[in-house]
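K.L.:
What follows is the residue order along each chain.
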Amino acid sequence: MATAPASLQVDEKFELGEHRSLWGDVWLQFRKHKGALFGMAILIVFILAIYLGPFLYTVDAAYIDPIVANQGPTLAHPFGTDNLGRDMLARMLSGGQISLSVGFTAMLISLSLGVTVGILAGYFPILDNPLMRLTDMFLALPILPLLLVIIMLFRDSLRTAFGPETGIFLLIVTVIGATSWMNTARVVRGEVLSVKQQEYVTAAVSIGTVNRRILVRHIFPNVLSPVMVAAALGVANAIITESALSFLGLGFPSDYPTWGRLLFEGKDFINLTPTRVVWPGVAISLTVLCVNFIGDGLRDALDPRLRGR
Amino acid sequence: MVRFIIRRLLFAIPTLIVISMVIFAILDFAPGDPTGNLPLTVPQDVKERIRESLGLDQPTHIRYVRWLRQFFVVEPQYIIEDLTGLQLINPEDPDAPVRILSWQTRGPVFDLIFQRMPQTLLILGLAYVFGALLAIPVGVYSAYRQYSAFDNIGTFITMVGYSVPTYFSGLLMIIIFSVQLKWFPSFYDTTLEVTNWETFVQQVKQMIMPVTVLSFFNAAQVSRFMRSSMLDNLNLDYVRTARSKGLNERVVVLIHVLRNSLIPVITLLALQIPGIFGGAIITEQIFKVNGLGQLLITAIQGSDIPTVQTLTFIFAILIVIFNLVADVLYGILDPRIRYD
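Chains F and C supply the protein sequences, listed in that same order. Position one of the first sequence corresponds to residue 1 (this note's numbering), numbered consecutively onward. Position one of the second sequence corresponds to residue 1 (this note's numbering), numbered consecutively onward.
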């Protein structure tokens with residue numbers, strides 16, 4: 001009995017403290033993860049630079065000036081120029097916009113597919129087996145070869161249908177999204193299976209709530225934490241996959257470059273201007289590193305067993 | 001256990017059939033035609049005959065079944081012939097089954113694959129072994145000294161290794177070691193035959209960079225996994241029991257904890273094998289190794305559909321097999337798992 005007052009005291013201290021929300025707690029824990037904070041800071045700097053940079057640094061990324069071709073970093077061209085004399089800094093900024101938007105859009109597609117499949121499979125027992133077999137089948141597909149094949153084969157028809165830029169963007173974002181949702185679906189299904197057994201869901205069922213409302217109001221908010229982690233890792237994965245495709249020459253065209261494409265073009269001039277490889281490579285690696293650190297931090301912050309330690 | 005393996009094998013068959021259909025269909029329904037790149041001066045009826053000779057005049061389902069038969073019946077016969085010297089197929093027979101022929105070389109696809117396999121396997125195999133050998137001690141020590149300087153630096157380095165794509169780390173190595181320092185050649189010379197010490201040194205030199213890049217990337221993944229698996233086990237009751245019995249700390253960590261933590265890591269290692277083949281596509285492109293990955297890329301660029309279909313399907317079979325291996329290994333290693 002001697003320990004009881006002590007634990008009571010602890011409880012009181014918590015009750016008397018400030019109001020604490022779930023996301024407030026998550027943020028408190030997230031801040032303890034130095035890597036995650038650092039990653040977030042760098043990522044924000046990157047995003048600001050990429051989207052606001054073109055207003056300050058008003059050099060045309062597509063302007064060809066053969067006189068200054070193949071230069072290293074100079075005052076006029078801080079990141080050097082490519083073999084056609086285009087300014088590398090301007091190309092890096094516009095490439096970053098495309099790389100990041102590919103990353104985020106593909107992540108959104110993959111996430112919505114994964115969450116839908118996971119929730120349906122977890123909540124409706126009839127759908128569980130077929131949907132999970134489908135997931136297994138997708139997991140057994142050789143993703144990179146298939147992506148290459150699909151892009152090679154459908155690139156031209158989509159380009160004629162939607163125009164050179166939108167066509168390739170839609171194609172790449174869709175194929176990356178459609179081939180990376182499987183892990184999210186598995187994790188979400190597992191969470192739904194356990195959340196489904198909770199009393200509040202039974203209570204909702206017993207007062208006659210319709211399935212759609214239970215799913216949206218009770219199940220979805222409670223499986224949000226693995227989804228957030230999957231979102232962070234999804235962005236990293238999509239950026240890496242897109243630049244791998246571009247690196248193999250099967251991504252975005254040269255007049256609409258992403259970081260991966262800049263790397264692909266730079267590798268042939270590695271003897272002449274090695275910086276052309278370094279800039280996009282560092283940009284890809286840093287972005288992915290930051291996003292992975294954020295994912296790590298989120299995972300720790302959203303894990304109730306670790307939080308508050 | 002045996003029942004589980006049989007059940008999984010039976011499930012693998014429909015999976016593979018569906019995957020083969022998907023691969024065949026994607027390539028078949030796609031716009032594009034092997035005669036599309038021929039000059040316009042080639043008359044239409046000649047084009048028709050070319051299409052006929054490639055077997056393109058038949059409907060899709062017939063070509064699909066024929067391809068499956070070639071893949072699972074005809075090609076294994078030729079492989080057995082090559083390995084044992086038996087003559088299973090009479091070459092004089094006009095009805096002798098046709099092998100899967102590449103549209104680019106007009107030779108059998110499997111011959112191409114066997115030509116390209118050694119260099120891919122050599123580099124991948126070494127990278128895989130080095131990666132695991134590097135990762136496991138690092139993971140164990142970081143977990144044992146959690147939050148120590150070694151752990152913090154190690155975790156950071158593995159995070160970097162995990163985030164930096166191989167196509168950048170590879171190019172960076174080329175810039176540093178080939179362009180600046182001129183220590184290693186920037187591309188892989190497959191025609192090099194190891195006959196004496198000098199050629200051996202040359203072979204080692206050209207392998208160092210691709211193997212380092214791939215093994216570093218693999219090691220980063222494995223050591224992260226190893227570390228978290230060790231951390232899961234280090235605080236369990238059986239560890240405290242072992243220590244309280246007065247066991248040597250080395251025995252506690254290296255025998256009790258390590259053996260239990262290796263279980264998930266070994267399954268990860270099994271699951272990684274098909275993934276490395278995917279990674280090889282990129283690494284081979286960086287260092288210009290003419291292995292399987294490079295064969296796939298050239299086949300895709302030349303719309304050599306039979307080669308692409310066959311290679312992609314082989315990758316799929318590898319994935320299915322190693323998934324099965326991982327599951328079975330897990331069951332054997334971890335007696336808590338019961339499948340029946």
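Don't read these hints as lab results, they were simulated from the structure. Among the clues, some could well be false.
To be verified - Computed list of lysine to aspartate or glutamate pairs in EDC-like fashion (alpha-carbon distance at most 20 angstroms, straight line):
{"id": "1", "chain 1": "C", "residue 1": "K182", "chain 2": "F", "residue 2": "D268"}
{"id": "2", "chain 1": "C", "residue 1": "K205", "chain 2": "C", "residue 2": "D189"}
{"id": "3", "chain 1": "F", "residue 1": "K34", "chain 2": "C", "residue 2": "D151"}
{"id": "4", "chain 1": "F", "residue 1": "K34", "chain 2": "F", "residue 2": "D268"}
{"id": "5", "chain 1": "F", "residue 1": "K32", "chain 2": "C", "residue 2": "D151"}
{"id": "6", "chain 1": "C", "residue 1": "K288", "chain 2": "F", "residue 2": "D268"}
K.L.:
May I ask which of the numbered hints given earlier this structure violates, with the numbers listed in increasing order?
P.N.:
4
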